[in-house]
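Visitor: Spelled out from the first residue to the last, the chains are:
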Amino acid sequence: MEFLRSFSRDRVGLFFAFVLLALFAVALTAQWITPSDPFRISLRQGMRPPSWANWLGTDQFGRDVLSRVILATQVTTKIALASILFAVALGVPLGMFVGYRGGMWDAVAMRITDIMLIFPIILLAIVIVVVAGPSEQGVIIALGLSQMPQFIRVARGVTLSAKEELYVEAAIAAGASWPGILWRHIWPNISTPIIVQATLTLPVFVLNTAALSYLGLGVQPPTPEWGQMLNEAKEVLTSAPYLIIGPSIALFLFVLSANLVGDTLQETLNPKLKGRRQAMMGLRRFGAKTPAERASEQKGTP
Amino acid sequence: MLPRLKNLLGSLAVTALLASSAAVAQDAAKPQYGGQLIYAQSGEKFTLFMGRSTDQSGQDVWLHACETLVELDPKNEIKPLLAKSWKTSPDGKTVTFKLQEGVKFHDGSPFNAEAAAFVFNEAKAKKFIYLPLLEGFEKATADSEYEMSFHLAAPFPALLPTLGYRPLCIFSPTAYKAVGEAGLATKVVGTGPFVHTQFVKGEYTIFEKNKDYWQAGKPYFDSVKIVIVPDAATRTAMLERGEIDRTVQLGDLELARLERNKSVLVRTVPSTRQFYVVLNHKVPMLANPTVRRALNYAIDKAGIVQSVFAGRGASLMTAPTLMEGVVGYTDMRAAGEETIFPYDPDKALALMKEAGYAFNGGVLKDPQGQPVKLKLFTPRGATKGDYQIAQLLQTFLKQVGITAELTVMESAAFSSATNLGPDDAKYDMALLSWGIPTADPDQPMMYFTHTNAWKPYGANRMFFSDAEIDRLANAAHIETDPAKRNALVKQWMARLLVTAPVIYLPTLNLGLAGRTYLKGDEILAVDNYPAHFAWFDKAEMERQGVKR
Amino acid sequence: MIIGRMGFIILAGFLLLSFLFALFHMIPGDPAVLLAGDNASKDVIESIRGAYGFDRPLYVQYGTYMSHVVLGDFGVSNYSRQPVLGIVLSRVLNTAQLATLAMIFAVVVSLTLGSLSATFWGSSLDKTVTVGSLVGICLPVFVTGIAGIYFFGVYLEWLPIAGMASWANYVLPVITLGTYQAAIFTRMVRSCMIDALGKEFVITARAKGVAEWRIVLTHALPNAFLPIITLFGLGFGHTLGGSVVIESIFNWPGLGRLMVESVLTRDLPIIQASIFFFAIIFITLNMLVDILYTWFDPRISY
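Residue numbers (numbering that gives the first Met the number 0), protein chains in the order written: chain A, 0 to 301; chain B, 0 to 547; chain C, 0 to 301.
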């Protein structure tokens, strides 16, 4: 309740939270709310400008662009969420493990995450796509892997500080097994920072899904995706400029609201960060460490 | 002359005539010397060594510096080039060429019968990529300084068109012996009107005028720069902006807009490249010719031409595999139809029923009662429009109750997947195109549908085998009487319509867009765009504000 | 520590090359088949394998390759037979030019706008900058780049479109790439500055009557420097990665385009060397950032 009250104090954040919720609702119900079949081809109705029948016009194959944008919302949301799950499932246990064990494990893991964080998603994705073939799964793996180090970092940081709490030290002294400690004492502390990190990652994933599909490395036709629709629209930019409207607005709106909601959420959950939070958020996205994190790392790696 | 050209451009129906007419319609004004032609191509070159490349865009690079014995003109007729004349022995097994005299390679060594014979003998010894085109070639001999003979195992009517294929140009044996294949991978040394001076991988190739060129008075440009710009939209924008003088492989949907630009001349011609869907005859269902014919009727070709190619980038096919301009071509359409296998889903379903398949509630079921599912492989970006066609195929097949699972691959993976023998091939269907660079039916007959050409020995990926088809191909291969050969080719095509080894799809059209001040360049149906003897109208160039 | 890091770079480089070698020989796509074309027969393909040495056993190819790499020889292109090092290095320089200029643009713009925005916190200028940078983050470069080509190149005819022939060729790609980075940076510079301007020493200085511009330049900016320098360092890596898309739009002969094209043609020696150089650049950048960090923050030492 307290959380909701303080969240709703931020008017802009609240408004865009509703926009984001609306987009999620669209994604969930896409099958039922498309005005017409997004795959139905009518070859002689190709590239029609917006009209009452087709609000955003029709594409090269006469498919309704609005329906395709709606279905693309689902496709993109699915990919972004799956990538986040992938990153969390891999990154959080790893981060907890290296944070708890420390020593060599920690040092090696941190070096590897250093490199992974600065290696651009696009390059990583190119390699993965060549190996796995261009597909939704390829995108999920590429995006998930690219942001996994962030989650390792967050989980490790929380583990490091929790390890020094008295009750954890007591549990260690009492001879509890390390999986037990991780599960019982450290895991409960992790959910909040992970949720914040996931929200901050969401717009990054959405933008990159679009970029990969734009380059032809992501979602494959006939499945619609915003970036891929933009790529198709680009080919006919001068003869049918209206085709660019739908996918770019949807993409813009999604990324914008996810960004703002992420900001507000972080601010609400951690009011101490106010003012400094944006800087931190931005840095995290680049994989940098804050001075505090660096200091704790020094402690963590003797 | 000019209004006529304009008329032609305005009318779609006559694009077929355009290649020949456009060349004729060029201004008869006097060529002007000087300037650098900048020509943008789409693709990265594999290698500049002709023996190891089938790259289409490579052809336009070679023709500046390296010349063939004979060449195809825009009407697909054979014209002398380095060979002045030729004569076939009575048994058809020896063809003797009289060569141009006093011609020198760019490295100063003389062009003569010995040099020409060396190139072909080396091609045979080292198995150059084009060797299978020279089926039955035994050896070449230098009979005198300027007389060279080809010795063949059997009469070979397709020899001359094949010798006009650009990769068979005569490079300098001296340079080849000095630097080898690897050295010639970045340098073209021939007898051509331009000397190759620079090659930067993935960026550009530069040619400078050959001052000692054997055709007096030619060429007109001081230099030619071929730049690589992969993105079609960027190429078009550069042309409109005057950063380049000409470009090829245009986006079909942009053609209409480009044509409204008064400084740009757009030309399109039907090519000798036809799309088709490989049907794997090792799959029981696809071994049945009735089923294969049904599949052919299920595809809306006019719809593909309309939506994928904006009605411009491809034409309906009028014969299986062959097209207008290829030797022996005959219109094989049924009277009153605009294409072979006209779109008719009802007929397709009727044929399926005849073959024992049942169509119920939108699903086609095989005689065992199982719904029909087929795997369709497609490359993305190997040929313009390929994966878009594949999307449409999926839709058309759905209408006759067939589920086609589409696998999109990038072109390298696709090449590997479709290069396997009958036991390893994983596709039920695969989208490909077949080009005839020699404008002669010999290659399709011997390497596409022949039983001996099953992958990995040829290009028969269908694993199609028909005794009549093989017999006709073998007969046509050695038939030197053109009339008799054409009759065999016609029978072959008729048999293809009955056996339907593949799903036949539209023929690709080629596009060339150039600034209007560029005069005398050509577009050839075999995917060649020669401009080595073209020239700039300087006054017009200045008027358009293009300064370089 | 620096020596250790260098050793780490070299080790990472070799592991990476071995990994790539194995990877690219596993994936489907045979250079000989590609070279021979769709309709080639078996013996033609075999003749190419022999001529270009693709037929040697894999461990021989690997051994030869690695022993040459140690001597600085990355082999020759599968197709053009030119030394890979020469091709790749000239592309590295082109990409570095593009990325560096874009970075300079982004740094100048973001420092100016971010500081101004923070100084006039809450003003309409601040709001404009905040909204503007948010919009900038949400617009992918493939949309802004194409819009730029058509507007400034084709429609207004102010700027050339493709290549890198003259200074004018640099304008569009540099600004497209730079603007995107500037949008990200501005947000963070602004937050860092707001944070610094709220510090006690600033309040003290203000009480002493120090001019506001002097406070911003001599008190707040140096204080906000630490996170900003990290941000810029890592942002540079991302600018390099972002250049892959920019290079394909503006036909810039850079490393990213070379890599994508080589992947499509399976020119393995070039792919391996490109990824290797990209990785080396990223690792080096990361190291530089760490060193700078130590420099500016005496609390951390290696």
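No wet-lab data here; the hints were simulated from the structure. Hints may contain errors.
What the hints assert, rightly or not - Straight-line alpha carbon distances no greater than 30 Å define the calculated DSSO-like cross-link-like pairs of lysine-lysine that follow:
(1) Lys207/C x Lys425/B
(2) Lys374/B x Lys77/A
(3) Lys125/B x Lys126/C
(4) Lys41/C x Lys123/B
(5) Lys138/B x Lys41/C
(6) Lys176/B x Lys207/C
(7) Lys186/B x Lys78/B
(8) Lys74/B x Lys537/B
(9) Lys233/A x Lys78/B
(10) Lys176/B x Lys29/B
(11) Lys41/C x Lys126/B
(12) Lys186/B x Lys224/B
(13) Lys281/B x Lys198/C
(14) Lys186/B x Lys126/C
(15) Lys41/C x Lys126/C
(16) Lys281/B x Lys97/B
(17) Lys138/B x Lys483/B
(18) Lys364/B x Lys29/B
(19) Lys86/B x Lys123/B
(20) Lys92/B x Lys41/C
(21) Lys546/B x Lys489/B
(22) Lys483/B x Lys518/B
(23) Lys397/B x Lys233/A
(24) Lys77/A x Lys397/B
(25) Lys374/B x Lys198/C
(26) Lys261/B x Lys103/B
(27) Lys261/B x Lys29/B
(28) Lys77/A x Lys281/B
(29) Lys78/B x Lys125/B
(30) Lys233/A x Lys217/B
(31) Lys78/B x Lys97/B
(32) Lys138/B x Lys83/B
(33) Lys374/B x Lys364/B
(34) Lys210/B x Lys176/B
(35) Lys518/B x Lys489/B
(36) Lys97/B x Lys125/B
(37) Lys125/B x Lys92/B
(38) Lys86/B x Lys103/B
(39) Lys123/B x Lys29/B
(40) Lys92/B x Lys483/B
Visitor: All hints are to be evaluated individually against the structure, with a verdict given for each.
Guide: Do the hints match the structure? See the list:
1. Lys207/C x Lys425/B: Since the Cα atoms of Lys207/C and Lys425/B sit roughly 81 Å apart, the hinted pair is violated (cutoff 30 Å).
2. Lys374/B x Lys77/A: 26 Å, holds
3. Lys125/B x Lys126/C: 71 Å, violated
4. Lys41/C x Lys123/B: At roughly 15 Å apart (the allowed maximum being 30 Å), Lys123/B and Lys41/C satisfy the hint.
5. Lys138/B x Lys41/C: 22 Å, holds
6. Lys176/B x Lys207/C: 85 Å, violated
7. Lys186/B x Lys78/B: This hinted pair holds, its Cα atoms lying about 27 Å apart.
8. Lys74/B x Lys537/B: Status holds; Cα separation ~29 Å.
9. Lys233/A x Lys78/B: 43 Å, violated
10. Lys176/B x Lys29/B: Outside the cut-off at roughly 41 Å; violated.
11. Lys41/C x Lys126/B: Given pair Lys41/C, Lys126/B holds - Cα atoms ~11 Å apart, limit 30 Å.
12. Lys186/B x Lys224/B: Cα-Cα ~14 Å, so holds.
13. Lys281/B x Lys198/C: Distance ~78 Å between Lys281/B and Lys198/C Cα, so the pair is violated.
14. Lys186/B x Lys126/C: 59 Å, violated
15. Lys41/C x Lys126/C: Not OK: Lys41/C and Lys126/C at ~67 Å, beyond 30 Å, violated.
16. Lys281/B x Lys97/B: 49 Å, violated
17. Lys138/B x Lys483/B: 27 Å, holds
18. Lys364/B x Lys29/B: Since the Cα atoms of Lys364/B and Lys29/B sit roughly 68 Å apart, the hinted pair is violated (cutoff 30 Å).
19. Lys86/B x Lys123/B: 22 Å, holds
20. Lys92/B x Lys41/C: With a Cα-Cα distance of about 27 Å, the restraint between Lys92/B and Lys41/C holds, given a limit of 30 Å.
21. Lys546/B x Lys489/B: 53 Å, violated
22. Lys483/B x Lys518/B: The hint is violated at about 41 Å.
23. Lys397/B x Lys233/A: 29 Å, holds
24. Lys77/A x Lys397/B: It holds: about 26 Å lies between the C-alpha atoms, which stays within 30 Å.
25. Lys374/B x Lys198/C: With Cα atoms ~66 Å apart, Lys374/B and Lys198/C exceed 30 Å; violated.
26. Lys261/B x Lys103/B: Violated. Lys261/B to Lys103/B sits at ~42 Å, over the 30 Å cutoff.
27. Lys261/B x Lys29/B: Roughly 22 Å separates the two Cα atoms, so the pair holds.
28. Lys77/A x Lys281/B: 38 Å, violated
29. Lys78/B x Lys125/B: Between Lys78/B and Lys125/B the Cα gap is close to 28 Å, so the pair holds against 30 Å.
30. Lys233/A x Lys217/B: 41 Å, violated
31. Lys78/B x Lys97/B: Given that 30 Å is the threshold and the Cα spacing comes to 14 Å, the pair holds.
32. Lys138/B x Lys83/B: The hint holds at about 20 Å.
33. Lys374/B x Lys364/B: 16 Å, holds
34. Lys210/B x Lys176/B: Holds, at about 25 Å.
35. Lys518/B x Lys489/B: 39 Å, violated
36. Lys97/B x Lys125/B: Cα-Cα ~26 Å, so holds.
37. Lys125/B x Lys92/B: Holds - the C-alpha atoms of Lys92/B and Lys125/B are around 23 Å apart, at most 30 Å.
38. Lys86/B x Lys103/B: Cα-Cα ~24 Å, so holds.
39. Lys123/B x Lys29/B: Roughly 44 Å between the alpha carbons, so the hint for Lys123/B and Lys29/B is violated.
40. Lys92/B x Lys483/B: 18 Å, holds
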